[in-house]
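Chains as they are written, first to last, in UniProt numbering: chain A, 1 to 144; chain B, 1 to 144; chain C, 1 to 144.
Incorrect hints may have been included.
[As the list claims (entries may be wrong)] Label pairs and their calculated CB-CB ranges:
hint, chain 1, residue 1, chain 2, residue 2, range
1, A, 13, B, 86, 22 to 32 Å
2, C, 33, A, 13, 28 to 38 Å
3, B, 116, A, 43, 28 to 38 Å
4, A, 114, B, 80, 16 to 26 Å
5, C, 91, A, 122, 18 to 28 Å
6, B, 119, C, 23, 22 to 32 Å
7, B, 119, C, 50, 48 to 58 Å
8, C, 23, A, 13, 34 to 44 Å
9, B, 112, C, 23, 45 to 55 Å
10, C, 91, B, 101, 43 to 53 Å
11, C, 91, A, 114, 24 to 34 Å
12, B, 87, A, 14, 38 to 48 Å
13, A, 58, C, 68, 18 to 28 Å
[Claimed, not checked] Non-contacting residues of chain B with respect to chain C, defined by C-beta distances greater than 12 Å in every case (computed):
hint, residue
14, 20
15, 42
16, 51
17, 53
18, 55
19, 61
20, 66
21, 68
22, 73
23, 98
24, 110
Please keep in mind that the hints were generated in silico from the structure rather than gathered at the bench.
Nothing here was measured: the structure is a model prediction, and the numbers come from that model.
Backbone N, C-alpha and C define an ideal beta-carbon position, used for all residues, glycine too.
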Amino acid sequence: MEAAGGPAVAMDGYPSPVPAFLTKLWTLVGDPETNHLICWSPNGTSFHVRDQGRFAKEVLPKYFKHNNMASFVRQLNMYGFRKVVSIEQGGLVKPDRDDTEFQHLCFLRGHEHLLEHIKRKVGPLLPAQLQPLFPSQPQPQSQP
Amino acid sequence: MEAAGGPAVAMDGYPSPVPAFLTKLWTLVGDPETNHLICWSPNGTSFHVRDQGRFAKEVLPKYFKHNNMASFVRQLNMYGFRKVVSIEQGGLVKPDRDDTEFQHLCFLRGHEHLLEHIKRKVGPLLPAQLQPLFPSQPQPQSQP
Amino acid sequence: MEAAGGPAVAMDGYPSPVPAFLTKLWTLVGDPETNHLICWSPNGTSFHVRDQGRFAKEVLPKYFKHNNMASFVRQLNMYGFRKVVSIEQGGLVKPDRDDTEFQHLCFLRGHEHLLEHIKRKVGPLLPAQLQPLFPSQPQPQSQP
DNA sequence: TCCGTTCTAGAATATTCGCTT
DNA sequence: GAAGCGAATATTCTAGAACGG
């Protein structure tokens, strides 16, 4: 598809665009102005959202056309991000710390070019893709 | 403001079959507050938008998550509305009046119930229609 | 095709004409009289349109036979220009500062001769693709 | 034939709601 | 109960198509 290490370039000469959500997320996480609400994890392999309420109402509408945490999470899932469940959060001790962590293998601090490898999940699956349309019909190639 | 993308909810709590765009458009056209920018035609079979620039920047963001006339027109076309081209606008006489008219057979003043007959056009072509069901790549066992 | 760096010259010896839209656009962007509404980007690799409403009504009719931003954008796309999207836009608050940016790889300040490389897109459906070049039915009256 | 203007549609991402696991 | 997903509408950018010059 593309040369390793180089920017993806389409046939028309323009670079393959990274979806707006990913560039905004990258900016958002790294922005020192909002690091108290969203920031990289110490080792730069995931990011944290603190105080969902304030994050949703104060930060999200500056980058997106909504102010809902749920919509933000839906986008994260659409791009393959997964919530990181820590022992503390998953344990019996109720975490009163409003801290949510998300992760993606290609979302790493200092490696912005890896964003090009994060692909948005494509639309709905078709019934034709789930089962053969004509099961009784033999394949055209299969001829002894 | 109503949530974009979600189904409209009537006062009884049950989902209305009319998409949010249509109910908003209905309110928008009939609202006396904005009749100087968008209003019914005299006979109530179409509506006019005057001064696209002001309409887009002042009225649209109060109902939608954007302020672009083009996005508004795209939605109108998605729901089957057609632009009404008058002789005056198409003629040689330069119409400096910024006046755009749209029409739909089921968008009639005083007949809000007809909105239920306006259907949004379905999405793009299905992937199964874009690629052959039986690709032309030959099987390995094919021998000349 | 043509010598690198030199003007495009057809076989008949005349220079290949640049469509009117491109020369007008070049003049338009560089004209100091209208730099408050349309101007080069600082590095000269793209151009900005500010205040679409005023630009459409005041500037466009001085160069073209219309005053619609949509028609201007259609032409830009016909010639391969792409809109440049910034992450600043798309927010819910402070909708935007009405700034649209377009770019073409061969539309560079100080390199007017590159305009000759910008080609208008041609219709996708060619008549030759709709019917066989050599029909099986020979014409009776075919004469050399 | 090619270019210009207009109106509409395609295609991809974005936002929301409800369901599933 | 919550994380993830399907589906419908919404928003954006680009292209198709018709018509005329």
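Next on the checklist: For the hint 22 to 32 Å, verify it against the beta carbon of residue 13(A) and that of residue 86(B).
Outcome noted: This hint is violated: roughly 42 Å between Cβ atoms.
Next on the checklist: A range of 18 to 28 Å was offered for this pair. Does it hold for the Cβ distance of residue 91(C) and residue 122(A)?
Outcome noted: About 27 Å separates the Cβ atoms of residue 91(C) and residue 122(A), which means 18 to 28 Å holds.
Next on the checklist: Quick check: does the Cβ-Cβ distance between residue 91(C) and residue 101(B) fall within 43 to 53 Å?
Outcome noted: At 32 Å between Cβs, range violated.
Next on the checklist: Range first: 28 to 38 Å. Now tell me if the beta carbons of residue 33(C) and residue 13(A) are that far apart.
Outcome noted: holds, 32 Å
Checklist entry - Looking at residue 55(B) again, its CB stays over 12 Å from all of chain C? => result Violated, since 10 Å does not exceed 12 Å.
Checklist entry - When you look at the beta carbon of residue 61(B), is every beta carbon of chain C farther off than 12 Å? => result Not fine: 6 Å to the nearest Cβ puts residue 61(B) too close to chain C.
Item to check | Distal placement of residue 42(B) relative to chain C, Cβ over 12 Å | outcome: Non-interface label on residue 42(B) holds, nearest chain C Cβ at 25 Å vs cutoff 12 Å.
Next on the checklist: Please check whether residue 91(C) and residue 114(A) have a Cβ separation lying inside 24 to 34 Å.
Outcome noted: holds, 25 Å
Item to check | C-beta pair residue 114(A), residue 80(B): status relative to the range 16 to 26 Å that was hinted | outcome: Since residue 114(A) and residue 80(B) have Cβ atoms about 44 Å apart, the given range 16 to 26 Å is violated.
Checklist entry - Can the suggested window of 34 to 44 Å be confirmed for the beta-carbon pair residue 23(C) and residue 13(A)? => result The hint (34 to 44 Å, Cβ to Cβ) is violated, given that residue 23(C) and residue 13(A) are roughly 22 Å apart.
Checklist entry - That 48 to 58 Å hint for residue 119(B) and residue 50(C) (C-beta), does it hold up? => result violated, 39 Å
Item to check | residue 87(B) paired with residue 14(A), Cβ distance criterion 38 to 48 Å | outcome: With a Cβ separation near 42 Å, residue 87(B) and residue 14(A) satisfy 38 to 48 Å, so the hint holds.
In summary, the numbered hints that this structure violates are 1, 3, 4, 6, 7, 8, 10, 13, 16, 17, 18, 19, 20, 21, 22, 23.
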